[in-house]
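Place chain C on chain W using the hints.
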Amino acid sequence: MANDLEVLIEMLPWLVANNGASLSEISEHFDITDKYALALIGQLVVTGPDQGGGGLVDIDFEDSDSIYVSDAKSLDRPIKFSSFEAMSLLGGLHYLEQFPHVADASVVSGLISKIQSLIPTVENSISVVAQNLSPEITESINQAIKQNRAIGIDYAAISKDDISHRIIDPSEVYVRDDFAYLKAWCRESQAWRNFRIDRIMGCTETELPSNLPEVSPELEATQDYLAAIELDKAYYGQLDQVEILSFKEYMWHAVEVEMKVYSREWLISMILASGGRIRALRPPDLISGLIERAQGWE
Amino acid sequence: MLNLLFVLLNAPVPITRAQITDRVPGYGGSDDALEKMFERDKATLRELGIPLETQPIDLFHDDVVGYRIDRSQWLMPEISLTAQERTYLSLAASAWETAQLRTAAQQAVRRIDAQEFDDVANIPISLAKGRRHIAEILGAITNDKTLVFEYVGQSDDKPTKRTVDPWRALLHSGHWYLVGFDQDRGEVRTFRTDRIVGDVVETSHQRVEHLPDDFSISELVSEWESLDSGSKEAQLLIRPGKGASLRLLASAVEYGEEWDRLSIPYFHDSQLVGLIASSCDVTRVIEPASLHASVSRIVSTTLSVHNNGK
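As they're listed, the protein sequences go chains W and C. Numbering of the first sequence is given in the numbering used here, commencing with residue 1 and proceeding in unit increments. Numbering of the second sequence is given in the numbering used here, commencing with residue 1 and proceeding in unit increments.
Chain W with its partners taken away, still in its complex shape:
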């Protein structure tokens, strides 16, 4: 009974907002069977605030292709959102507000105040501080995408930590957490690459028409270097940027983790930065590369 009621109080306002919906649209939206949807509508039309005087919910559903509500007896608007729902949505909006190249920030902040006025008791629980991107670089990228032209960039790579100059054909800008990325075809490496825009140190326009391959792959950066490390369980949380394949727990809080990472160079950097908290186990070239780099210190 309580379950029926839960669906019913969502369903009636939805029917009002989507007057003329078909039975199959209703069951699809609420993820229920046609039969159950029909039974619920059947329940609605025999209820109302005034049984004697004809004060019943009025729905015309003889034709299951289009169902009309002519009187919802005051249950004609969706239920207000819960604090958690409101907060999740506001969090998404605060996030969006930080990326002016994705959305018009003034429209987003207008939306935020509109929604906050609906639920004045919900406190803002999420803040996002996005990278300050150089407006000149952002502008050059946007122009190049619009005009289908290649650009030259000086890029501070993450996986090798080198600065390199390359000619790229920019495709699109996207955002992951608080970083904005440029997806582009890199002419040097003849491959798709994702560049973090805050690490593009310089950008030059070219007259070269861009030459993007037709098929563009998923945005995911590929993590294809397979390795195993051992670390204290307490530091396990810090591996949230790697793809973990398996882990084993040992005594003394140690864990052995098998994982895939962007590159060997990247993993060696992480191990060195950990200052002995992480021990490389496999493959041998990871250990030899690590030792070699460490021995380069004076």
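Hints may contain errors.
[Stated by the list, open to error] Computed cross-link-like contacts, DSS-like style, restricted to lysine-lysine with a CA-CA straight-line distance of at most 30 angstroms: (1) W:K260 to C:K242; (2) C:K158 to C:K129; (3) W:K233 to C:K158; (4) W:K183 to W:K260; (5) C:K145 to W:K260; (6) C:K145 to W:K80; (7) W:K114 to W:K80; (8) W:K248 to W:K233; (9) W:K248 to C:K242; (10) W:K114 to C:K145; (11) W:K114 to C:K161; (12) W:K233 to C:K129; (13) W:K248 to C:K129; (14) C:K42 to W:K233; (15) W:K160 to C:K242.
It is worth saying that the hints were derived from the structure and are not from the lab.
Structure of chain C alone, referenced to chain W:
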């Protein structure tokens, strides 16, 4: 039950139990049975979050109460949205990569405006993918509860238990932080969520310290940044074209044949030690000596952990 709901929702003023019995079909029988049924139904309505109000309806007899569901409390008011606003709403709701938050945000959008609209937004944005603890932290803020978790601070060797009144989740420079009041230390603290060990547990205790009215996240962050760009300056040598992460922090670079010379403003050695160690084969510290010593220490620890390569 559904009839009771409609009777209460359509009552212009609070109505008494006798009036309810009259109007709701199926309400009848002995007083006892009726009482039980009514109590059960009231409980069910409240469980569904329906604001069932009770108030005295007789100025002189406050034991006679009336019942009513206030439509404006329960249902979403009409708000008008432009097409662009709708797009942004669905975009914001689909940003979350954490299932719990994504579902909640999408449900919120449906409640603002139950009308179906096509997901026109096709700008790829994504938030908190693969990140742990975010939904739990936000849930505790909403529920006004204290959190308990084990945490390893930057200079800690071992995790310690923290009891925190959560105030805000902050996303900054690729990391998620919990900003809150640390009950044991009696002050505002910031915790990086990837340094939390094990689970974040929401306690049954109400938060003790609430977010101050004058709290400003941007002040907090600019405080960090002024600390960052603070009091000290390191002089480093880096091979040309190498050490990109350190170069991004530099305030000045002198280019040379074999080495480039970088000046990096910083506040605490711990900010630079890891970065320098990561590129220790192409970097040299000229000054300060303490920074050089810290890097040497962690590089030699790493070497000894790996048996010096033997």
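Hint numbers contradicted by this structure: Hints 5, 9, 11 and 14 contradicted; others consistent.
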